[in-house]
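Q: Now for the letters of each chain:
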Amino acid sequence: MAEWVITLIEKFALVAIIVTVSLVVAMYSTYAERKIAAFLQDRRGPNRAGPFGLLQPLADGVKLFMKEEIIPNTSSKFLFIAGPLLAMITATMTSAVIPWGPTSTMFGHTMPLQIADINIGVLYIFGVVSLGVYGIMIGGWASNNKFSLLAAIRGASQMISYELAMGLSLLAVLLIVGDLRMSVIVDYQIQHGWNVLYQPLGFFIFFICALAECNRTPFDLPEAENELNMGYHQEYSSMKLGFYLFAEYINMFISGVVMATLFFGGWDIPFFNEAAHGGAWWVGLLSFACLMCKAFFSIFLFMWIRWTIPRFRFDQLMNLGWRGLLPLALANMVITAGLVLWLNNDAAPAPQKGVISQPSQTQQVSLTNATHQ
Amino acid sequence: MQLTNKNKPVDRRPMTVAEKLYIPAIIKGMGITFSHMFKKKPTISYPEEQRPFSAVFRGLQILNRDEEGRERCTACGLCALACPAEAITMEAAERQAGEEHLYREEKYAARYEINMLRCIFCGLCEEACPKDAIYLSQTFAPANYGRKGFIYKKDDLLIPDPTTDPEGYAKAKGTIPQSK
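Each protein sequence line maps, in turn, to chains A and B. Going letter by letter, the first sequence gives residues 1 to 373 in our numbering. Going letter by letter, the second sequence gives residues 1 to 180 in our numbering.
Check before you lean on any hint, since a few could be wrong.
To be verified - Heads up, simulated SDA-like pairs for lysine to any residue below, C-alpha to C-alpha not over 20 angstroms straight-line:
#1 K154(B) / N144(B)
#2 K77(A) / Q234(A)
#3 K40(B) / A37(A)
#4 K40(B) / N47(A)
#5 K20(B) / L317(A)
#6 K63(A) / A49(A)
#7 K40(B) / R43(A)
#8 K20(B) / F39(A)
#9 K39(B) / F300(A)
#10 K153(B) / G69(B)
#11 K40(B) / A38(A)
#12 K39(B) / D42(A)
#13 K28(B) / R306(A)
#14 K41(B) / P51(A)
#15 K39(B) / F39(A)
#16 K20(B) / L320(A)
#17 K39(B) / I305(A)
#18 K171(B) / L136(B)
#19 K20(B) / L201(A)
#20 K40(B) / R34(A)
#21 K41(B) / W304(A)
As the list claims (entries may be wrong) - One side of the interface only, derived from the structure: several residues of chain B facing chain A at Cβ under 7 angstroms:
#22 M37
#23 K39
#24 K41
#25 T43
Said to hold, decoys possible - Simulated restraints on C-beta separations:
#26 D315(A) / T43(B): 38 to 46 angstroms
#27 K8(B) / K77(A): 56 to 64 angstroms
#28 T105(A) / E19(B): 50 to 58 angstroms
#29 S35(B) / V19(A): 31 to 39 angstroms
#30 C122(B) / Q41(A): 31 to 39 angstroms
#31 V19(A) / K6(B): 51 to 59 angstroms
#32 A156(A) / R118(B): 52 to 60 angstroms
#33 P84(B) / L301(A): 56 to 64 angstroms
Note that these hints are calculated values from the structure, not bench results. This one's a predicted model, so the numbers in the text were calculated from it and none came from an experiment. Cβ coordinates follow ideal geometry from the N, Cα and C atoms, glycine included.
Using the sequences plus the hints, can you model the full thing?
A: Next up, the structure:
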């Protein structure tokens with residue numbers, strides 16, 4: 001068999017596995033959300049379907065499929081159907097550039113556990129995440145309902161406001177690493193320590209913006225029940241509603257993974273030298289499990305926050321985004337840029353704030369990237 | 001005038017930096033919610049676990065039998081008279097020869113109905129009854145789809161026969177404790 005056939009099969013298998021994993025995780029996130037909400041409120045949560053209610057997500061899925069599908073007369077039908085589809089597609093697309101584990105040997109074949117190691121990985125994620133808001137906008141617009149439209153407008157303006165601060169906080173990370181490639185970002189962190197140590201403020205801003213991008217409480221204004229009934233999915237029923245809700249959970253999982261990759265060393269197992277084991281299959285699986293643990297923790301954090309904090313008012317949301325986070329992210333970026341420049345130029349042996357421990361290594365990394373391109 | 005010690009004057013001082021940051025308050029709140037994860041849950045898982053009613057609970061009426069399984073009710077109508085909601089209807093009939101094992105006295109209720117939508121479960125029927133024939137039990141009327149289903153006939157109200165179904169009789173009497 002030709003090499004490219006093997007690569008094709010390998011990539012297809014990887015795509016299938018990763019999409020399945022993210023769907024299953026999203027499914028059980030709904031269960032986890034209900035359980036965590038229950039436990040935080042001294043309740044027991046779903047416990048009827050299966051042991052500990054573990055079959056609840058399946059039951060919910062079956063229920064959504066069985067429901068009557070209603071498309072309002074006054075809606076524009078094509079867009080009405082395109083909305084949830086777009087939300088779902090963009091939610092699953094992001095996982096393509098995430099390194100899920102180190103290059104490891106599985107079934108007698110060495111392969112990287114990443115679908116596409118494109119050289120603009122971070123930009124790709126940003127692009128796809130921004131596309132995600134079209135699902136909300138198109139859905140809200142096509143419903144021909146003023147509440148849905150209001151929710152869509154809210155969603156769009158919220159996304160735009162928070163994407164700025166998010167991008168700026170990310171820029172600081174990219175300045176340190178010196179590459180947009182996701183795998184390089186992970187490798188850098190394995191060599192130099194996790195980015196969250198150098199960029200605690202950056203991580204904090206990124207986290208808040210991720211909450212806003214995922215439409216999670218306290219930034220869930222597009223679906224504010226008590227103001228807009230149901231928000232942009234007011235007119236939706238059956239599985240189209242399910243897709244919207246599902247896309248939200250997939251987004252949450254993906255943003256957890258992205259946060260782990262950018263700030264918490266990706267698949268790096270703390271205090272464990274993966275390279276020493278030369279890409280054995282169990283190291284690959286263990287690293288993958290480690291990445292999942294990090295992602296699950298941030299999902300838990302998202303839920304914990306949701307059931308603690310009430311929703312922001314819209315003007316408060318805008319205030320926080322434009323007058324709070326944006327200047328903070330800007331300052332963070334400028335300071336980081338200054339430090340990186342200063343330390344690289346002076347070739348200082350010991351950086352004061354530990355922004356970069358070995359500047360020569362970054363240069364080396366960027367050199368190898370140059371040859372890649 | 002101060003009625004309780006609970007009222008607090010409103011603090012109108014401008015917010016401090018820590019308060020404006022909002023973060024410490026959020027962390028404090030998250031600590032509170034997290035501590036609730038490990039608290040004992042007051043939930044009672046209903047069908048498996050049931051909270052016992054109090055001893056004086058007034059539930060669904062039952063028509064009692066004596067120890068030989070004969071109906072005690074003589075259709076005197078005192079319960080219907082006592083009923084403030086006018087929920088009880090009955091029709092009397094005379095006991096025929098050969099029916100002595102069915103009815104305790106010469107007169108019995110051929111028809112006995114209680115409209116559970118009218119009934120207020122006050123227990124005055126129980127108090128009015130001279131024959132110990134009607135009691136309020138420890139159960140309540142289950143949900144139903146129509147109004148007709150709430151008019152309980154004699155068959156619905158009669159206690160199981162102690163001679164043929166002693167267990168059901170004891171359960172309806174409440175001598176077997178309900179499963180928690």
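Q: For every hint, state whether the structure bears it out.
A: A quick look at each hint next to the structure:
Annotation: proposed proximity of K154(B) to N144(B) holds, straight-line Cα distance about 18 angstroms (limit 20 angstroms). Restraint check: the Cα-Cα separation between K77(A) and Q234(A) comes to about 15 angstroms, which is no more than 20 angstroms; the hinted pair holds. Distance check on the hinted pair: K40(B) and A37(A) sit about 15 angstroms apart at the alpha-carbon level, within 20 angstroms; holds. Simply put, K40(B) and N47(A) have alpha-carbon atoms about 16 angstroms apart, close enough for the 20 angstroms limit, and the pair holds.
The hinted pair formed by K20(B) and L317(A) meets the criterion: a straight-line CA distance of about 14 angstroms does not exceed 20 angstroms. Proposed proximity of K63(A) and A49(A) is supported: the alpha carbons are some 13 angstroms apart, at most 20 angstroms. Taken as a hint, the K40(B) and R43(A) pair is honoured in the structure, with Cα atoms around 9 angstroms apart against an allowance of 20 angstroms. With a CA separation close to 30 angstroms, the supplied pair K20(B) and F39(A) exceeds the 20 angstroms bound.
Taken as a hint, the K39(B) and F300(A) pair is honoured in the structure, with Cα atoms around 18 angstroms apart against an allowance of 20 angstroms. For a cut-off of 20 angstroms, the pair hint linking K153(B) to G69(B) stands: about 19 angstroms separates their Cα positions. At roughly 12 angstroms between alpha-carbon atoms, K40(B) and A38(A) fall within 20 angstroms of each other, so this suggested pair holds. In summary, the hint linking K39(B) to D42(A) is supported, as the alpha carbons are separated by about 7 angstroms, within the 20 angstroms threshold.
In summary, the hint linking K28(B) to R306(A) is supported, as the alpha carbons are separated by about 14 angstroms, within the 20 angstroms threshold. A threshold of 20 angstroms between alpha carbons decides the hint, and for K41(B) with P51(A) the separation of about 18 angstroms falls inside it, so the pair holds. Taking the CA atoms of K39(B) and F39(A), the gap is about 8 angstroms. The hint holds against a cut of 20 angstroms. Distance restraint check for K20(B) and L320(A): the Cα-Cα separation of roughly 11 angstroms lies within the 20 angstroms cut-off, and the hinted pair is therefore satisfied.
With a C-alpha separation of about 19 angstroms, the suggested pair K39(B) and I305(A) falls inside the 20 angstroms cut-off, and the hint holds. At roughly 13 angstroms between alpha-carbon atoms, K171(B) and L136(B) fall within 20 angstroms of each other, so this suggested pair holds. Annotation: proposed proximity of K20(B) to L201(A) holds, straight-line Cα distance about 17 angstroms (limit 20 angstroms). This hinted pair checks out: K40(B) and R34(A) have alpha carbons roughly 18 angstroms apart, not beyond 20 angstroms.
At most 20 angstroms may separate the alpha-carbon atoms for a hinted pair to count; K41(B) and W304(A) meet this at roughly 18 angstroms. Taking 7 angstroms as the C-beta contact cut-off toward chain A, the hint placing M37(B) at the interface holds, the least distance being around 5 angstroms. This hint holds: K39(B) has a C-beta 6 angstroms from the nearest C-beta of chain A, less than the 7 angstroms allowed. Evaluation of the K41(B) hint against chain A yields a held restraint, the C-beta minimum of about 5 angstroms falling below 7 angstroms.
The interface hint given for T43(B) is met, as the beta carbon of that residue sits about 5 angstroms from the closest beta carbon of chain A, less than 7 angstroms. About 39 angstroms separates the C-beta atoms of D315(A) and T43(B), a value consistent with the hinted range of 38 to 46 angstroms. For the hinted restraint 56 to 64 angstroms between K8(B) and K77(A), the CB-CB distance of approximately 58 angstroms keeps it satisfied. Between T105(A) and E19(B) the Cβ separation comes to about 56 angstroms, which falls inside the hinted range of 50 to 58 angstroms.
The hinted window of 31 to 39 angstroms between S35(B) and V19(A) holds, with their beta carbons roughly 38 angstroms apart. Taking 31 to 39 angstroms as the suggested C-beta distance range, the pair C122(B) and Q41(A) conforms, at roughly 37 angstroms. The hint said 51 to 59 angstroms for the Cβ distance between V19(A) and K6(B), and at roughly 57 angstroms that hint holds. A156(A) and R118(B) have their C-beta atoms about 57 angstroms apart, which keeps the hinted 52 to 60 angstroms range intact.
Taking 56 to 64 angstroms as the suggested C-beta distance range, the pair P84(B) and L301(A) conforms, at roughly 59 angstroms.
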